[in-house]
Amino acid sequence: MPTTLGELADRFDCEIRGDPTVVVDSVGTLSGALPTAISFLANPAYIAQLKTTGAGAVILEERHQESCPVPALVAINPYAVYARVAAFLHPTTVSADPYVHSTASIAADAKVSGSARVSAHAVVGPGAQIGESVVIGEGSVVGANVIIGSKTWLAPRVVLMAGVEIGKRCILHSGVVCGSDGFGFAHDGGLWVKVPQLGGVLIGNDVEIGANTTVDRGTIENTVIEDGVKLDNLVQIGHNVHIGAHTVMAALCGIAGSTTIGRRCMFGGAVVAVGHLKICDDAIFTFHSTILQSVTEPGTYSGALSVDKASRWRRNAARFKTLDSVTRFGQVIRENDTGD
Amino acid sequence: MPTTLGELADRFDCEIRGDPTVVVDSVGTLSGALPTAISFLANPAYIAQLKTTGAGAVILEERHQESCPVPALVAINPYAVYARVAAFLHPTTVSADPYVHSTASIAADAKVSGSARVSAHAVVGPGAQIGESVVIGEGSVVGANVIIGSKTWLAPRVVLMAGVEIGKRCILHSGVVCGSDGFGFAHDGGLWVKVPQLGGVLIGNDVEIGANTTVDRGTIENTVIEDGVKLDNLVQIGHNVHIGAHTVMAALCGIAGSTTIGRRCMFGGAVVAVGHLKICDDAIFTFHSTILQSVTEPGTYSGALSVDKASRWRRNAARFKTLDSVTRFGQVIRENDTGD
Amino acid sequence: MPTTLGELADRFDCEIRGDPTVVVDSVGTLSGALPTAISFLANPAYIAQLKTTGAGAVILEERHQESCPVPALVAINPYAVYARVAAFLHPTTVSADPYVHSTASIAADAKVSGSARVSAHAVVGPGAQIGESVVIGEGSVVGANVIIGSKTWLAPRVVLMAGVEIGKRCILHSGVVCGSDGFGFAHDGGLWVKVPQLGGVLIGNDVEIGANTTVDRGTIENTVIEDGVKLDNLVQIGHNVHIGAHTVMAALCGIAGSTTIGRRCMFGGAVVAVGHLKICDDAIFTFHSTILQSVTEPGTYSGALSVDKASRWRRNAARFKTLDSVTRFGQVIRENDTGD
Numbered sequence: 064m065p066t067t068l069g070e071l072a073d074r075f076d077c078e079i080r081g082d083p084t085v086v087v088d089s090v091g092t093l094s095g096a097l098p099t100a101i102s103f104l105a106n107p108a109y110i111a112q113l114k115t116t117g118a119g120a121v122i123l124e125e126r127h128q129e130s131c132p133v134p135a136l137v138a139i140n141p142y143a144v145y146a147r148v149a150a151f152l153h154p155t156t157v158s159a160d161p162y163v164h165s166t167a168s169i170a171a172d173a174k175v176s177g178s179a180r181v182s183a184h185a186v187v188g189p190g191a192q193i194g195e196s197v198v199i200g201e202g203s204v205v206g207a208n209v210i211i212g213s214k215t216w217l218a219p220r221v222v223l224m225a226g227v228e229i230g231k232r233c234i235l236h237s238g239v240v241c242g243s244d245g246f247g248f249a250h251d252g253g254l255w256v257k258v259p260q261l262g263g264v265l266i267g268n269d270v271e272i273g274a275n276t277t278v279d280r281g282t283i284e285n286t287v288i289e290d291g292v293k294l295d296n297l298v299q300i301g302h303n304v305h306i307g308a309h310t311v312m313a314a315l316c317g318i319a320g321s322t323t324i325g326r327r328c329m330f331g332g333a334v335v336a337v338g339h340l341k342i343c344d345d346a347i348f349t350f351h352s353t354i355l356q357s358v359t360e361p362g363t364y365s366g367a368l369s370v371d372k373a374s375r376w377r378r379n380a381a382r383f384k385t386l387d388s389v390t391r392f393g394q395v396i397r398e399n400d401t402g403d
Numbered sequence: 064m065p066t067t068l069g070e071l072a073d074r075f076d077c078e079i080r081g082d083p084t085v086v087v088d089s090v091g092t093l094s095g096a097l098p099t100a101i102s103f104l105a106n107p108a109y110i111a112q113l114k115t116t117g118a119g120a121v122i123l124e125e126r127h128q129e130s131c132p133v134p135a136l137v138a139i140n141p142y143a144v145y146a147r148v149a150a151f152l153h154p155t156t157v158s159a160d161p162y163v164h165s166t167a168s169i170a171a172d173a174k175v176s177g178s179a180r181v182s183a184h185a186v187v188g189p190g191a192q193i194g195e196s197v198v199i200g201e202g203s204v205v206g207a208n209v210i211i212g213s214k215t216w217l218a219p220r221v222v223l224m225a226g227v228e229i230g231k232r233c234i235l236h237s238g239v240v241c242g243s244d245g246f247g248f249a250h251d252g253g254l255w256v257k258v259p260q261l262g263g264v265l266i267g268n269d270v271e272i273g274a275n276t277t278v279d280r281g282t283i284e285n286t287v288i289e290d291g292v293k294l295d296n297l298v299q300i301g302h303n304v305h306i307g308a309h310t311v312m313a314a315l316c317g318i319a320g321s322t323t324i325g326r327r328c329m330f331g332g333a334v335v336a337v338g339h340l341k342i343c344d345d346a347i348f349t350f351h352s353t354i355l356q357s358v359t360e361p362g363t364y365s366g367a368l369s370v371d372k373a374s375r376w377r378r379n380a381a382r383f384k385t386l387d388s389v390t391r392f393g394q395v396i397r398e399n400d401t402g403d
Numbered sequence: 064m065p066t067t068l069g070e071l072a073d074r075f076d077c078e079i080r081g082d083p084t085v086v087v088d089s090v091g092t093l094s095g096a097l098p099t100a101i102s103f104l105a106n107p108a109y110i111a112q113l114k115t116t117g118a119g120a121v122i123l124e125e126r127h128q129e130s131c132p133v134p135a136l137v138a139i140n141p142y143a144v145y146a147r148v149a150a151f152l153h154p155t156t157v158s159a160d161p162y163v164h165s166t167a168s169i170a171a172d173a174k175v176s177g178s179a180r181v182s183a184h185a186v187v188g189p190g191a192q193i194g195e196s197v198v199i200g201e202g203s204v205v206g207a208n209v210i211i212g213s214k215t216w217l218a219p220r221v222v223l224m225a226g227v228e229i230g231k232r233c234i235l236h237s238g239v240v241c242g243s244d245g246f247g248f249a250h251d252g253g254l255w256v257k258v259p260q261l262g263g264v265l266i267g268n269d270v271e272i273g274a275n276t277t278v279d280r281g282t283i284e285n286t287v288i289e290d291g292v293k294l295d296n297l298v299q300i301g302h303n304v305h306i307g308a309h310t311v312m313a314a315l316c317g318i319a320g321s322t323t324i325g326r327r328c329m330f331g332g333a334v335v336a337v338g339h340l341k342i343c344d345d346a347i348f349t350f351h352s353t354i355l356q357s358v359t360e361p362g363t364y365s366g367a368l369s370v371d372k373a374s375r376w377r378r379n380a381a382r383f384k385t386l387d388s389v390t391r392f393g394q395v396i397r398e399n400d401t402g403d
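Sequences listed follow chains A, B and C, in order. For the first sequence, my numbering gives the first residue as 64, with consecutive numbering after it. For the second sequence, my numbering gives the first residue as 64, with consecutive numbering after it. For the third sequence, my numbering gives the first residue as 64, with consecutive numbering after it.
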């Protein structure tokens, strides 16, 4: 979908530096873009690449325009403008014509919007309600009484167990499982008695959930994911977890049961939290942190030790095992004294 | 399924405090239950909620009955009784009528019990044996010569590779893969030669396996999961692992190949163990522990450092990198002396 | 497929010790092998088992032949020879007759080799190209314009999103998702704007990917996995990651976006790396390491602290929280002085 820089500036409310008649038809990286592509500079670390870019145009902040050898769209938030320009130049073809594939299996009393698409080998259970322009991917399974809001997209092979409710404009990637049983067992005489998982899963609008991520149903009340939450791949959300609006979690995060997470939190990859905690709004957790206690103050929290050469790591790790006794009894000195 | 407190007391062997004719039809939380619901108190932290509960009745220990404003079932283990009451009041509808869906694909020589259900788009391979009252969920794939014991339930989209054997009354949630190849390669001249994974997977009775969990087949002999084991979501069980009866593992645990785990162990979430270890019976590992050595004594083991404010964490993590040399050479003192 | 020791020696270029007419028909462990099975000794820790083995023959190094009570194949790399012998004695039946199952759904313009197999309920999208002797497992979904090289095997329920390209002789286990969207969002006024994920996934030859592993498509350019890479189960590969040839990663590893990994690296289980790093060739990371910085020197790196008894761990972990201030201000001494 070729367009001029001028049209992009109008549509996305930017200023132009240079020729507004330049035509672009795609996006590219600063280092790899063709002359018909538009690129962006969001991270100043890439300014050297800006100076030699072969892109037809670049989206950038005003302060970087001097370094740009080609026409530019000047924006306060170039990355957000880039995101919108990319979506405009590369419209997804997913929401194409509605249809119900001949191999799909749809319960007689399910309500499927005429504008929805139900792909090959998909299953829609009894009482399910599929909204307008919803796409149900190949082999996806929508359980009994599930409700899916309009324009939500299920990739191939998503499973929504009975009673799950999902809002509008959500994206669930392949392999997502929502509404599987929470992990609840009562110990009784050396055996584990299953605690029925009777709650549901409520997912708001504009939520995106990554490939092979799992969201368990609540034990009695619901597991809740509010509007605008984004979860990456292979994330685990336990039963009765509540995730506040616009919180994001990168891949391999795990939140144990009944933990409540505030709004606008950011979880780096592989962050894990035990159950029954409360995490306040606007908390940021860096990569591979372990959250063992509630967090009441916004801010940035860390918890990972970076790798070291194995021999050095081994020595330091051995010292860690005696850290308390060393500190307590001043062994530091004695070791020094003996010249060890 | 409305019932009286008196009937529940008889059926689950509890004592009644208050009116035995009270009728309940569902379960609820102490804070959220309706007057027709029965709740429970298992954790004394919730005693304030007990005092103001709107539930019709509560299951609790004798010591808490004074604090209960409504009729009560008195039990030694209220949570276990609650689990049974909940299952009684909310019977699952899964084990409804048997059928074979018209879209299911079943090999000519597979033996499927007349009381089993084979759902839409499920596949049952040659030589497979499907026991009485088994449910095979939508899109699940049961490989050649798989054996499934009676009353076992496969959720939608489970995969059992060839030769896997599963006992009775098991529950496998969506996305589970059992019997995929173990990770075995021989290094040879800079290349990796695949080691054929020829063993199987043996799973006992009353095992539950969470969504998107993977259990690899053995290299030569079998991977074994004994009776009553419960695995949560996104758990990885490597080839030739052996898990003793009634051991439980929360989400995101990973057990590397050939590690043997005893009976009645408890693994918190995200606990990982290297291969070729032996873990004794009755070992408990708290959240996000790393197990690098065999464990020979029952007891509780920990291994995670909790998050801290990023600035403080960064300083402590930097000190960790020199912990051995600091301890060894008494740098502590010198730093103090120079007033740093 | 019974065969003589002599034939195995010829075929796999080993020397024989003992009777070349011994017949073996299968492989077994040193401790469990039947007299018609051939076993191997790769790890000297098992030499006691060698001495009492009931195997018909054993593959081993020359230095161990004295301890072997049965005929032997002598090799420099017994494990690699074992791998090849096992594949010879236990040929996989996967690559049996080609067919297209009647329930498979194949787009009119997809090109499927006549020697390929498309299993029950599989889906092949428009423009896809399926090479010779490819197997597409039950319920797998091959998106539009996907290209799959000859002899590649997709287990049941694999998903390849649009445009993914995979080389020859690859193995993708059940639940693998390749080409799902990378995790890219631009922050704008308190909301997250989705950054279109327009790149692809390029996978070389002889790559194996474990069950439920996810490989995201690139943002603009491609995510790349070079020849001979082996990924275990539940691994996450972020967008624009590049993995060099013959690198291996055990289960639960996670590599965040845009990190570049060299050739012949080895990642133990549960190793995680933040994004935008460069890892050189021949780096080895032991179990559960956290990689927060680029690695420029080959060698072995570690980053995990092993579990300890919970009471001791708790005390040491508490000391860690004050490690910097203790070190800085010599609190060690004062504590010792007060006899605390």
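If you're looking for bench data, these hints aren't it; they were derived computationally from the structure. Treat the hints with care, as some may be off.
Which copy is meant is left open, because identical chains are indistinguishable; a pair holds if it fits in one copy or across any two.
[Unchecked claim] Listed next, the in silico BS3-like pairs over lysine-lysine satisfying Cα-Cα at most 27 Å (straight line):
(1) K257 / K174
(2) K372 / K341
(3) K231 / K174
(4) K214 / K231
(5) K384 / K114
(6) K384 / K372
(7) K214 / K372
(8) K174 / K214
(9) K341 / K174
(10) K372 / K174
(11) K384 / K214
Of the hints stated earlier, which fail here? 1, 5, 7, 9, 10, 11
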